[in-house]
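Chain R is fixed; fit chain G onto it per the hints.
Residue numbers (the numbering used here), protein chains in the order written: chain R, 1 to 251; chain G, 1001 to 1251.
It should be emphasised that the hints constitute simulated quantities derived from the structure, not laboratory data. The beta carbon of each residue, even a glycine, is placed where N, CA and C say it ideally should be. Errors might be hidden in some of the hints.
[As the list claims (entries may be wrong)] Per the computed footprint, the stretches of chain R lying under chain G, defined by three or more beta-carbons under 8 Å from a beta-carbon of chain G, are:
no. : segment
1   : 14-23
2   : 75-81
3   : 85-91
4   : 108-121
If you want the building blocks of each chain, they are given just below.
There are 2 protein chains.
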Amino acid sequence: MTRYKLVIEYDGRPFVGWQRQINGPSVQQAIEDAIEGFCQRRVTVQCAGRTDAGVHALGQVAHIDLDHDPAPDTVRDAINYHLKPAPVALLAVEQVAHDFHARFDAVARAYCYRIVNRRAPLTVDAGLAWRVAAPLDSDAMHAAAQGLVGRHDFSSFRAAECQANSPVRTLDRLTVTRDRGRIDVTASARSFLHHQVRNIVGTLCLVGTGKWTAPDLVTALEACDRSAAGPTAPPDGLYLTAVRYADEKIG
Amino acid sequence: MTRYKLVIEYDGRPFVGWQRQINGPSVQQAIEDAIEGFCQRRVTVQCAGRTDAGVHALGQVAHIDLDHDPAPDTVRDAINYHLKPAPVALLAVEQVAHDFHARFDAVARAYCYRIVNRRAPLTVDAGLAWRVAAPLDSDAMHAAAQGLVGRHDFSSFRAAECQANSPVRTLDRLTVTRDRGRIDVTASARSFLHHQVRNIVGTLCLVGTGKWTAPDLVTALEACDRSAAGPTAPPDGLYLTAVRYADEKIG
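So here's chain R without its partners, still in its complex pose (with noise of 0.2 Å):
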């Protein structure tokens, strides 16, 4: 068995999320088939951060195990092939040790929250980005969320259905960048809860439109409680878009 490293882009729009699931298509079916395509054999996908329907990926990884060994690139060009016409690419494959675990050996994720903020409903960005018609202070925003940075009980920011043994996270880096009408909220972590990204951003608007302030949003943080903090911003604007590993920079 040959095991492989896979990083992979996707749109999230036509999917029921990553994993598979029997109410609709999911990302790791549209590869799995893929690879059955590309192999004959039914090869199981294990994904870095599952994301939920409608979250898109620029740099999900994964990992697969195949009973011979072809070169990546084959292994690229031949699941890319296969995928066709889903909105699943695999952008680079590498041959990686047997016991590499695209998981658990993970040590960081990243990812991208794109606002369009503006009146305008969104034509070449639909589905791919959250409107927001109400002016943001995206200063206020950044500063704001420095408050969450660190290790905290992000229970105000977890999903109920979320089924992680702990709400302790560390977040190493949260930043809120403008330019012109487009608000980029980054954020990084080793793992982070269910939709404890989306449910950041909402609330940073509420501190963005100025209903909340800086200090607000630390007494929400401190609340443990999810009805403390700001409603969660829809999966749209929502990118996976970098996972790193041990001796890796983040891309």
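Frame of chain R, contents of chain G only:
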């Protein structure tokens, strides 16, 4: 009658192009239908640059006359409301002089052509960029592109069906920039010939792959013959980004 200037964004994928045609939906028709929904009156929309099927706009400009004088923001929001679910949106509306003409008063038009240079097929960018699998030397493309800047007979880069009286145009700016796998070709001129940007981009890719040199590009220009230049790049990557009028800065 009150004249309004509209700044328009659209996703060109579902349209036969800007202009009304009998063979499918056009951007012009979508906007004229939306205005009729708002004013119960048929109004003709005059645009600055008629884009082809599949070509996008981030800053198309048009003008309309209304027989009452609603506030510009009301016009924007009402037309946007009636445009749904078409991927067309008015970004800005302003009242202008009665003799303002979106097409004839334009002093410059700017286009951006987006290339994604990689082996893997597109996912989130499908239909919104051109994927070129062969590695492109964007510095060589930029250097060669400077041979096209200035006033020239652009017959070699002009579609057979182009209706302009003269093939002579003054290309004010043509730049090729790269950000990792993304290459942007930006072009600005008072006006362009039909397919001029797409023919330039298709030909610059011959330079990017090393098939052509910078002098080959000048030879193609000087031939004044469409068959001397390279292929037409697909519409997917082309965006009309801005139209400038006297005393305005381009966006």
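Hints, one by one, checked against the model:
1. Residues of the segment 14-23 of chain R with a Cβ under 8 Å from some Cβ of chain G number 0, which does not satisfy the need for three, so the listed coverage is violated.
2. Beta-carbon proximity to chain G at under 8 Å applies to 3 residues in the segment 75-81 of chain R; the threshold of 3 is reached and the given coverage holds.
3. Evaluation of the coverage hint for the segment 85-91 of chain R: fulfilled, as 5 residues show C-beta separations to chain G shorter than 8 Å, against a requirement of three.
4. Coverage of a stretch by a chain is defined here by at least three residues with a beta carbon nearer than 8 Å to that chain's beta carbons; for the segment 108-121 of chain R and chain G the count is 4, and the condition holds.
Of the hints listed earlier, the one the structure fails to meet is number 1.
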